Structure formats: C-alpha cells, structure tokens
Amino acid sequence: MRLWMLSLFLLGALAGTCPIVKADEVAATGTLVSLSSTAETWVPNDEMIVHFRIEATGKDVTYLREKVNRISTNIHKRLAQEHGVTLETSDRRLEPVLEYDAPKRRQVRTGWRMVQEERISTSNLKSVPVWLDSIEQLGARLTGLNYRISPSARRQAEQRLELDAVRSFRRKAAALADALDAPSFRIRRLNTKERLPAPIFRQAAPMKASATEIASLPSLIPGKRRLSITVSGEIELPPHSFQVN
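Note that the numbering used here has the sequence shown beginning at 1, numbered continuously upward.
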C-alpha cells in the first residue's frame with residue numbers, strides 16, 4: 001500500500017515539473033529568403049615573380065659546378081644592388097646527359113648537366129627591365145614570369161569589397177521586403193566568399209643574350225587583375241498573409 005502511494009506521489013511530482021506548451025504560444029516563423037550580392041573591382045598587379053635557371057653541360061663535374069657557382073654568385077651580386085628584390089634558390093641538381101646508342105640499342109650517358117633554379121620576387125616594378133636584362137647577360141635562362149597582387153594590396157581591396165558587398169546585400173534585402181509588403185527584415189545568416197583568378201604563369205623560351213644582341217630593354221606591362229567578393233545569406237521577413245483575387 002505504501003509502495004503504491006509512493007509511486008503515485010513520484011508520478012505526480014514528475015508531471016508537475018514538465019512544461020506545458022500550447023500550440024498558440026509557438027513563435028511563428030516568417031518567410032525565409034536566400035540572397036547573394038557581389039562586389040568587384042580591378043586591382044593593379046604590384047608584384048612580379050621571375051623564374052630562371054643556371055645550367056652548364058659537359059663531362060667534368062667539377063668544372064660544371066664551378067661554372068654554375070660563378071654565374072650564380074655574379075647574379076646574386078647584381079641583384080643585391082636592387083632595392084625590394086628577394087632571391088630564393090628553389091632547386092639544384094646534377095642530371096646525366098643521355099643519348100641513344102644504336103649498336104647497343106640503349107641510352108648511354110655522354111656527359112652531365114648541372115642545373116640551379118632560382119626565384120625572384122619584387123615589388124619595385126620600375127627597375128625590373130634593367131636588372132632582368134643584366135642577369136640574362138650574366139647567364140640566367142629565363143623560364144617564366146608572372147605578375148600578381150601583393151598580400152597587403154589584396155587585403156585592402158578585400159576589405160573595401162566586403163563592405164560594398166554587404167551594403168549591396170542590404171539594399172537587395174530591403175527592396176525584396178518592400179516588394180512583399182514587409183515592414184522589416186532580419187538577417188539570419190551572412191557569409192562572404194572571395195574569388196580571385198589564379199595568376200597566369202607566362203613561359204619564356206630559354207635564352208642567353210649578349211650585350212651586342214640586345215637592342216633595348218624588355219618592355220613589361222604589369223596589367224590588372226579582377227578581384228571580387230560575394231556575400232550570400234538568408235533573411236527572414238515577418239509573417240504576412242496575401243489576399244488572392
């Protein structure tokens with residue numbers, strides 16, 4: 001008997017702690033609309049990346065190493081005179097030079113090739129034609145170059161574009177709310193996405209120019225690159241009933 005009464009008491013206590021939710025107390029959800037807006041601009045390229053290689057071919061490995069070292073040292077000294085130029089050695093290797101031996105019906109080694117690859121980055125674009133011409137004369141073989149937007153210029157452009165895209169998103173949302181006779185709107189979610197085309201890498205034919213072969217300095221045009229920011233999100237409009245004519 002006591003156990004049965006205790007069970008009833010516990011069931012009553014548990015029932016008293018459970019909240020009672022009425023249907024008319026549930027907050028009504030308004031109309032949800034997904035929107036997006038994009039802001040874009042053209043940003044001048046203010047940095048250049050130059051790739052070049054130094055190589056020597058022959059049978060004497062010691063001579064090849066000394067030749068590559070000598071050319072590399074001269075190029076480094078020349079670039080040290082320039083302001084805002086960063087030089088980085090990306091690779092150095094010794095490769096066998098192979099030729100097909102018909103009687104033996106296989107590839108045979110006829111010599112060696114010492115190769116050192118370097119990468120230059122600079123924001124001082126005005127001086128590029130001068131030192132580029134100089135290092136080619138010293139023995140650099142240009143393999144490619146490309147322009148790009150520097151990280152600092154890119155961040156500044158992104159900040160401006162993000163604000164422009166948000167303002168455009170808000171104007172779009174306000175126009176949509178007005179079209180649906182909504183007195184206001186609420187932003188539920190907002191995301192940004194940046195779109196920047198990958199830098200175009202321009203290949204260059206290996207060349208070794210002498211002072212007499214060069215009539216003028218190379219003509220280089222940095223150009224511009226398009227940067228865009230897209231803002232996408234979701235807005236909520238208050239509940240509204242429309243009459244059907």
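One or more hints might be untrue.
Said to hold, decoys possible - Derived DEER-like restraints, expressed as beta-carbon distance ranges:
| no. | residue 1 | residue 2 | range |
| --- | --- | --- | --- |
| 1 | 101 | 137 | 32 to 42 Å |
| 2 | 100 | 160 | 43 to 53 Å |
| 3 | 57 | 160 | 16 to 26 Å |
| 4 | 86 | 31 | 36 to 46 Å |
| 5 | 193 | 57 | 48 to 58 Å |
| 6 | 93 | 121 | 31 to 41 Å |
| 7 | 38 | 188 | 13 to 23 Å |
Stated by the list, open to error - Straight-line alpha carbon distances no greater than 35 Å define the calculated DSBU-like cross-link-like pairs of lysine-lysine that follow:
| no. | residue 1 | residue 2 |
| --- | --- | --- |
| 8 | 67 | 104 |
| 9 | 126 | 193 |
| 10 | 172 | 126 |
| 11 | 77 | 224 |
| 12 | 77 | 59 |
| 13 | 224 | 172 |
| 14 | 104 | 59 |
| 15 | 77 | 67 |
| 16 | 224 | 193 |
| 17 | 224 | 126 |
| 18 | 104 | 77 |
| 19 | 67 | 126 |
If you are wondering where the hints come from, they were derived from the structure by calculation, not from laboratory data.
Since we're looking at a predicted model, the values are computed, not measured.
A virtual CB, placed ideally from N, CA and C, is assigned to each residue, including glycine.
Results for each hint:
1. Separated by about 37 Å at the C-beta atoms, residue 101 and residue 137 satisfy the suggested range of 32 to 42 Å.
2. Between residue 100 and residue 160 the beta carbon distance is about 60 Å. The supplied range of 43 to 53 Å is therefore violated.
3. At roughly 52 Å, the beta-carbon separation of residue 57 and residue 160 lies outside the given 16 to 26 Å, and the hint is violated.
4. Here the CB-CB span from residue 86 to residue 31 is close to 55 Å, at odds with the stated 36 to 46 Å.
5. A beta carbon spacing of about 49 Å between residue 193 and residue 57 agrees with the range 48 to 58 Å that was offered as a hint.
6. The hinted window of 31 to 41 Å between residue 93 and residue 121 is violated, with their beta carbons roughly 22 Å apart.
7. Between residue 38 and residue 188 the Cβ separation comes to about 20 Å, which falls inside the hinted range of 13 to 23 Å.
8. Proximity of residue 67 to residue 104 is assessed by CA-CA distance (about 33 Å); at most 35 Å being required, the pair is judged to hold.
9. The hinted pair formed by residue 126 and residue 193 meets the criterion: a straight-line CA distance of about 33 Å does not exceed 35 Å.
10. Taken as a hint, the residue 172 and residue 126 pair is broken in the structure, with Cα atoms around 43 Å apart against an allowance of 35 Å.
11. Of the pairs offered as hints, the one joining residue 77 and residue 224 holds, with about 31 Å between alpha carbons and a cut-off of 35 Å not exceeded.
12. Between residue 77 and residue 59 the alpha-carbon distance is near 28 Å, which keeps this suggested pair within the 35 Å criterion.
13. Proposed proximity of residue 224 and residue 172 is supported: the alpha carbons are some 29 Å apart, at most 35 Å.
14. Between the alpha carbons of residue 104 and residue 59 the distance comes to roughly 21 Å, so the proposed pair stays at or under 35 Å and holds.
15. Note on residue 77 and residue 67: the hinted pairing holds, with a Cα-Cα distance of about 16 Å set against a maximum of 35 Å.
16. The straight-line distance between the Cα atoms of residue 224 and residue 193 is roughly 21 Å, inside the 35 Å bound, and the hint therefore holds.
17. Note on residue 224 and residue 126: the hinted pairing holds, with a Cα-Cα distance of about 16 Å set against a maximum of 35 Å.
18. Restraint check: the Cα-Cα separation between residue 104 and residue 77 comes to about 47 Å, which exceeds 35 Å; the hinted pair is violated.
19. Distance hint between residue 67 and residue 126 is fulfilled; the C-alpha atoms sit about 31 Å from each other, no more than 35 Å.
The earlier numbered hints that this structure contradicts are 2, 3, 4, 6, 10 and 18.
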